[in-house]
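S.K.: Chain residues, written in single-letter form:
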Amino acid sequence: MSIRTLIAAVALGAALTAPAPATAADEPVLTIYTYDSFASEWGPGPVIEEGFEAVCACDVKFVGLDTSIGAFSRIRLEGEGTAADVLLGLDVNLAGDARASGVFVEHGADLAGLDLPIAWDDPVLAPFDWGHFAFVHDTERLAEPPGSLEALAASDLEIVIQDPRSSTPGLGLVMWVRAVYGDAAPDYWRRLKPRILTVTKGWSDSYALFLEGEADMALSYTTSPAYHMVAEDRHNIRAAAFEEGHYLQMELAAVTAASDQPELARRFIEYLIGPEAQAAIPTTNWMFPVNGQVELPDAFATLVRPERTLAFAADEAAANRKAWIQEWLEVMGE
Amino acid sequence: MTAARLAPGFAAAILAVGLAGAAIGAVGIWAGGVDLSALMRDPYVRGVTAFTFRQAALSTVLSLVLGLAVARAVHRRAGPRGARALNLLASLALVMPTTVAALGIVAVWGRAGWVAEAAAALGLPGPEGGLYGLPGVLLAHVFFNAPLMARIFHAALAAIPDGRWRLAAQLGFAEREVWRFVEWPAIRRVAPGACGLVFLLCFTSFALVLMLGGGPAASTLEVAIYEAARLEFDLGRAAALSILQLLCCAAVLLVLARFPADWSAGRGTAGLGARIRPDRTARAAQVTDALTGLVAAGVVAAPLAANVLGGLRAELLGLPSDPAFRGALAASVVLGLASSAITCALAWAIAEARRTLVLPTRMGGRPGLVGLVDLASTIYLAVPAIVFGVGLFLMLRGVADTFALAPLLVLAANVLLALPFAVRAIQGRLAEIGARYDRLCASLGVAGWARLRLVEFPAIRRELGFAAALAAALSVGDLGVIALFGSDEFRTLPWLLYLKSGRYQSGEAAAIALVLLALSLAFFVVIERLVGGRHAGR
Amino acid sequence: MLAVEEVRFAYPGGPSFAFTLAIRRGEIVTLSGASGSGKSTLVDLVCGFLEPAEGDIEWEGRSILGLAPAKRPVSALFQVGDLFDHLDVRMNIALGLDPRGRPGKAEREQVSAVLAEMDLAGFERRMPGHLSGGQRQRVALARALVRDKPVMLLDEPFSALDDETRDEIAALVRRLTDERRLATLVVSHDATDAGRLGSRRLALAGGRVTQRAAE
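Protein chains in written order, with the working numbering: chain A, 1 to 334; chain B, 1 to 538; chain C, 1 to 215.
Chain A extracted, bound-state conformation (with noise of 0.2 Å):
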């Protein structure tokens, strides 16, 4: 097969799975970098793509990578030649180094109405979505599930975690723990240690082992239980509510400093927190809306809404970091 037979069968193979759509040659085009699921079929992103594409003249174009902290590394790398306008996911954990590496300017967005579990006014990362972190059970197999961390270690249920190193949610377990425990943490970790079947390097691995009834509890989010009710009509997927509060997940959108259409991308950011976008999150995502207009699928009034919100400051979080997934390795590799 010579190299240019090659490269046709290779640019086949490309072309059969994505007809590239059509484009009006003067229209200004929003690239937005995000995770694969989001921009995916069965993800929020082509439902916001007409939906924007509907009102801004412009050709909206998902590039959808491995993980968001793929995605933010790809702008880094890319620099100033980035072709990304938006960065859509990145978690407020990361929010910290999202603001050092200067490679994000401000949205404009005005964030004062939006429906946070907590307050947030930074003028360079702006919510689109949110939930918490949390333990699911499936209460055929676990009719009561321990009600706070602190009953959970007591337990003598196995659960499945995340490592912090590679996973979201593993990183926002090391977070809450610390929330709620500070400097006594390790200790919380060594009386927890007992009760880890196992740590995944990601959030699937440890949600397959849950599934297949390996594991009495994952590290999921509350409104893990709303994908059952909706997609499968199986309502015996359940977050534990814990009494000492619940570490919040957020998911942050910027504009980048190198995008030759700023004023397009922030329009896009608008459009993102507004209503009509906001209303595909929950059965899509998977997440709450920031909009407290949406309409809410009645299986998220099912949810746990934790009393408490428990989050460190972006600063303090990005600052810490390190330091505390050291002290959890430390404890978990005894």
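You can trust all of the hints, since none of them are fake.
Okay, the calculated beta carbon distance ranges per label pair:
id: 1; chain 1: B; residue 1: 457; chain 2: C; residue 2: 80; range: 19 to 27 Å
id: 2; chain 1: C; residue 1: 200; chain 2: B; residue 2: 176; range: 51 to 59 Å
id: 3; chain 1: C; residue 1: 179; chain 2: B; residue 2: 18; range: 55 to 63 Å
id: 4; chain 1: A; residue 1: 184; chain 2: B; residue 2: 321; range: 51 to 59 Å
As a list, the in silico SDA-like pairs of lysine to any residue whose alpha-carbon atoms are at most 25 Å apart:
id: 5; chain 1: A; residue 1: 193; chain 2: B; residue 2: 44
id: 6; chain 1: C; residue 1: 105; chain 2: B; residue 2: 448
id: 7; chain 1: C; residue 1: 71; chain 2: B; residue 2: 449
id: 8; chain 1: C; residue 1: 71; chain 2: B; residue 2: 438
id: 9; chain 1: C; residue 1: 71; chain 2: C; residue 2: 176
id: 10; chain 1: A; residue 1: 322; chain 2: B; residue 2: 232
id: 11; chain 1: A; residue 1: 193; chain 2: B; residue 2: 126
id: 12; chain 1: C; residue 1: 105; chain 2: C; residue 2: 146
id: 13; chain 1: C; residue 1: 71; chain 2: B; residue 2: 442
id: 14; chain 1: C; residue 1: 105; chain 2: B; residue 2: 450
id: 15; chain 1: A; residue 1: 193; chain 2: B; residue 2: 133
id: 16; chain 1: A; residue 1: 193; chain 2: A; residue 2: 212
id: 17; chain 1: A; residue 1: 193; chain 2: A; residue 2: 333
id: 18; chain 1: C; residue 1: 71; chain 2: B; residue 2: 436
id: 19; chain 1: A; residue 1: 322; chain 2: B; residue 2: 37
id: 20; chain 1: C; residue 1: 105; chain 2: C; residue 2: 126
id: 21; chain 1: A; residue 1: 322; chain 2: B; residue 2: 50
id: 22; chain 1: A; residue 1: 193; chain 2: B; residue 2: 128
id: 23; chain 1: A; residue 1: 193; chain 2: B; residue 2: 138
id: 24; chain 1: A; residue 1: 61; chain 2: A; residue 2: 101
id: 25; chain 1: A; residue 1: 193; chain 2: B; residue 2: 217
id: 26; chain 1: A; residue 1: 193; chain 2: A; residue 2: 320
id: 27; chain 1: A; residue 1: 193; chain 2: B; residue 2: 125
id: 28; chain 1: C; residue 1: 105; chain 2: B; residue 2: 449
id: 29; chain 1: A; residue 1: 193; chain 2: B; residue 2: 127
id: 30; chain 1: A; residue 1: 193; chain 2: A; residue 2: 326
id: 31; chain 1: A; residue 1: 322; chain 2: B; residue 2: 31
id: 32; chain 1: A; residue 1: 61; chain 2: B; residue 2: 408
id: 33; chain 1: A; residue 1: 61; chain 2: B; residue 2: 325
id: 34; chain 1: C; residue 1: 105; chain 2: B; residue 2: 447
id: 35; chain 1: C; residue 1: 71; chain 2: B; residue 2: 447
id: 36; chain 1: A; residue 1: 61; chain 2: A; residue 2: 258
id: 37; chain 1: C; residue 1: 71; chain 2: C; residue 2: 100
id: 38; chain 1: A; residue 1: 61; chain 2: A; residue 2: 105
id: 39; chain 1: A; residue 1: 61; chain 2: A; residue 2: 29
id: 40; chain 1: C; residue 1: 71; chain 2: C; residue 2: 81
It should be emphasised that the hints constitute simulated quantities derived from the structure, not laboratory data.
Just so you know, even glycine gets a beta-carbon here, dropped at the ideal spot from N, CA and C.
Dock chains B and C against the given chain A, drawing on the hints supplied.
M.R.: For chains B and C alone, kept in the frame of chain A given last:
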């Protein structure tokens, strides 16, 4: 003439080594330098390195032991059909996405697995959480690698000349003597290469080690690399860790290179030897083989079966109507075929160069350079995909559209990944052909293209068929490099699997995993026959 | 006349050899000696697989050193790998006519003719694996014949044959050497082969063979 035989292989080798080196170099340069000595003093890194070595060494030894036992049992009892089944099994285990395999192992050996259920039914104590920890890591690595070892060893046994078996039968050798005088000399030649390959595969394992290792006490260097490259965006450290990993792997390969070895044993007459070996009917051998079968069933066959059953239960029927699935399937098929063709061409060139290099000096050999060629055909196993991907990205960023290049880069990565297996599949037979026909060809003037067409290809096509099938199966889509290259326009099946399992759709993920296995199997049946001809797979 | 004149060759760190001998057209010379005595080294030197450190190898007074193996006036039957096992008899012989392996009609007819001469008429499509030892040797001889080279080297041509076949092949070699005026060198570990071939016999010992001019 020698130059013509060396040049293509050398070019391929230099390209492979150069690309890996340049990628890591690009990352280091971007980060403004690499500090290896600071890394060596870091207790975290030292602990992780020590564990990585320990688990890889243990996994290699266990795979070696089980692989050897399986190879002998198959050779003693199973005949050519058993050998074919072994080939398939080895290839399937190799191409399974690691986390899918891990779930299969959990389904058998986990707290709620088959073994636990059976134990509960019998009123016996089950495995509980005992899987998680070093046992889980070893179990998983043996699952992947013991079939590979068994395949290599079985080929070596099948290549033992019948005469030696006749002699053994006549002298009335018991099992011990058969091993010592007949089998060991054949195994010894292939064992170092096989061990090196398996060690590398285990050394760079990541998600599997974490998940079945039970926690961060079981972290490999790859985790640290991922952490540095991704979470901390500390590319200098990531590059340094990559170099450390390469050095560790190179050290192990160098130690193994001190043993006289030839990876592939060439081709056996496959038949008489197995039937007349004198230890077939020995009671001890029968017991060993039965035990081996039991262990192999539990460690390899059962998890594989669990995956197949899981996939069958899942939403298989919905898949064909899903455009995302159809696209990914098409991409994986094209990728597999293209990668297979390129891999075979490169592997042939490298194997040809290698066999020329190992000739005596007066015949044009240069034994000193064999190392370079071997390095080329193994290096990618030790290069962390994430750093390789970042490096490629940095090199290409200024000169080309990285989005458009994504499919080609994935292809390149797949080729490099499949190369070690393909080279090893053909190099033994190619050397054998050279030894047999070099003089005749030279004296007749059969050279160049005519020689490839008339002598090499017909003689190695069976092995080439296996290499092509394996490369295609391995290349239906590697996950490593795609991460940074914008993948939503070029999704392979493993990528779709990753995506679905990350979005609650574990049922579809299991179905995709099954399709992946079926596709690999189909590649084996079709490509091996097409390239390998009538006698393929024997 | 093939003349090997004071040829010296040494393997690095291994034994060294010295050869002097001459073979006229129509003559068979049998070279015998124990294994390791240098017989195969001599074959490799004449064929062009090894280059001598000193001395010269000449055909009809002109040096053939420096010629590629295929360009030398030499056809050889090797002890190992005398036929391509995966190619049929016709292709095996045709490669002597056309090393690119694309024989035309004329070549195919020539192959059939030489097969008939070797008592192998109709064997064109046979595979070497299905030939007896004697038939194999005759196919290899047929290829040597179609190449039409004046020097024929046979490396242990009888080792795998039974007595009757040995006599048959020996007679064939004798006849071909006479008819075609070949200079034939037979290398053998078996001293009785010289008698079988009715040839002049030389012995290799101590790494050297020197043929006195008087012989």
